[in-house]
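Novice: Sequence:
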Amino acid sequence: MLEMRPDCEHCRKALPHDAADARICSYECTFCADCANDVLHGICPNCGGGLANSIASPRPTAIASVGVRLSGLIPLPTSWPGPAWVVLVGQPGE
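Position 91 of the sequence shown, counting from 1, maps to 91 under our numbering, and the rest follow consecutively.
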């Protein structure tokens, strides 16, 4: 998961984790929408990649408090050494 910076790397405008006007590249360079569109024209000056709308990820406390059943996921036995959930996929060619 990409980690958004707390402020614009160009103008230093504060960008909270849920900022709708934040733009981010695949190398986690973070800019406000004004700088990304008007100054940088959608291109990251650090890596040359495109700048896209950031997707705010929920805080860990929000994830723990949501009782959602995720279809396609199954809990694994507690002795399983891997992650707590596994995505079920079909057989090749299905």
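Derived by calculation from the structure, the hints in this document are not laboratory data.
Certain hints may be false.
Said to hold, decoys possible - Derived CB-CB ranges, DEER-like:
1) 48 with 18: 24 to 30 Å
2) 14 with 37: 15 to 21 Å
3) 38 with 14: 17 to 23 Å
Yeah, the Cβ is synthetic: ideal placement off N, Cα and C, and Gly gets one too.
Novice: Hint by hint, which ones does the structure fall short of?
Specialist: none
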